[in-house]
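Number of protein chains: 2
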Amino acid sequence: MNFIMSEAIEVLERTPQTLELFLSGLSDGWLQCREEEGTWNVSEVIEHLIEGEKNNWMPRLELILKEGESQPFPPFDRYSHLRGKSERSVEEKLREFKMIRKLNISKLQSLINDKQNLEKTGSHPAFGVVKARELISTWVVHDLTHMAQIVRVMADRYRDDVGPWKEYLGILKKER
Amino acid sequence: MNFIMSEAIEVLERTPQTLELFLSGLSDGWLQCREEEGTWNVSEVIEHLIEGEKNNWMPRLELILKEGESQPFPPFDRYSHLRGKSERSVEEKLREFKMIRKLNISKLQSLINDKQNLEKTGSHPAFGVVKARELISTWVVHDLTHMAQIVRVMADRYRDDVGPWKEYLGILKKER
Numbered sequence: 000m001n002f003i004m005s006e007a008i009e010v011l012e013r014t015p016q017t018l019e020l021f022l023s024g025l026s027d028g029w030l031q032c033r034e035e036e037g038t039w040n041v042s043e044v045i046e047h048l049i050e051g052e053k054n055n056w057m058p059r060l061e062l063i064l065k066e067g068e069s070q071p072f073p074p075f076d077r078y079s080h081l082r083g084k085s086e087r088s089v090e091e092k093l094r095e096f097k098m099i100r101k102l103n104i105s106k107l108q109s110l111i112n113d114k115q116n117l118e119k120t121g122s123h124p125a126f127g128v129v130k131a132r133e134l135i136s137t138w139v140v141h142d143l144t145h146m147a148q149i150v151r152v153m154a155d156r157y158r159d160d161v162g163p164w165k166e167y168l169g170i171l172k173k174e175r
Numbered sequence: 000m001n002f003i004m005s006e007a008i009e010v011l012e013r014t015p016q017t018l019e020l021f022l023s024g025l026s027d028g029w030l031q032c033r034e035e036e037g038t039w040n041v042s043e044v045i046e047h048l049i050e051g052e053k054n055n056w057m058p059r060l061e062l063i064l065k066e067g068e069s070q071p072f073p074p075f076d077r078y079s080h081l082r083g084k085s086e087r088s089v090e091e092k093l094r095e096f097k098m099i100r101k102l103n104i105s106k107l108q109s110l111i112n113d114k115q116n117l118e119k120t121g122s123h124p125a126f127g128v129v130k131a132r133e134l135i136s137t138w139v140v141h142d143l144t145h146m147a148q149i150v151r152v153m154a155d156r157y158r159d160d161v162g163p164w165k166e167y168l169g170i171l172k173k174e175r
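So the sequence lines, in the order shown, correspond to chains A and B.
According to numbering that gives the first Met the number 0, the first sequence is numbered sequentially starting from 0.
According to numbering that gives the first Met the number 0, the second sequence is numbered sequentially starting from 0.
Pulled out of the complex, with its shape left as it was, chain A reads as follows (with noise of 0.2 Å):
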């Protein structure tokens, strides 16, 4: 195990200001660009993680530690950003999301005031025992995670203009 509450905060706290530098003024064509039909752009991403700050990860960190077991998590909608077709820039979504974030690290850190909470467990609907840290541990990687999806879409808006070196970017020939 390489989880240390400190760590992980240096991630969570480092992520909205990264895709903010990254993506804010980039031109429509790298924010709405998507690999095919169905898949999300980069705003639809940062939609999808302001999403989870709200509804995902500290309300379920919560559960866990007032409810234990007794209260399964009430699952997570993956696709609800996608239903309230937002207009606004994606700057405007990354302040959103900076700010949000903000506010649940100074959350979780009130929270997990004792290493003991860590190991506190929930039930989640689908794998049943969890524990408070596997949860936190999964925020970060979901952060990680969509930076890669990023930077994933925006490389394959140009599949076909790097020709023949397509062969060597690995990154072209993922599965999506």
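In short, the hints are calculated from the structure, not lab data.
Using N, Cα and C, we set each Cβ at its ideal position, and we do this for glycine too.
The reader is advised that the hints may include incorrect statements.
[Stated by the list, open to error] Just a few of them, taken from the derived set where beta-carbon distance is under 8 Å, the chain A residues facing chain B:
# : residue
1 : Arg13
2 : Ser26
3 : Ser136
4 : Leu168
Given the coordinates of chain A, work out where chain B should sit on it, guided by the hints.
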């Protein structure tokens, strides 16, 4: 084809700052971890990006514009940065990457002062004829590839820590 010079530069100019914000001050746990023996850690990826700035992208572009197809590119050694074991901090490496990328973008903008130059051709030792705009597109996708690699390597560190959530996290399942 999606390549537009100004959009390619949007990515090229964001990469170093983005990586600097994301990686500066991270614990060694994140900077030194690797997927397996013989693969690169985060810090080595930055060295490889610096190496590309020095010996790959601009020298090849200049060769295309000066010599056309008459002189094949000298081969680029993708592992050279691993031989001179550097003791510099990741922050120092990131500063060098930022500085040299900035210079290279200025050079790029002055060399491609005419759309015609994008269609100029050179000779790749393995691929044969390649165009300037294919080289520049590849430069962009190469940045994105290594950003994807960095977050993938970091995610892999929590492979066991996420517990049963591993099943939902595609980044932990990808081929390396």
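Any hints this thing doesn't respect? Which numbers, in order? Every hint satisfied by this model.
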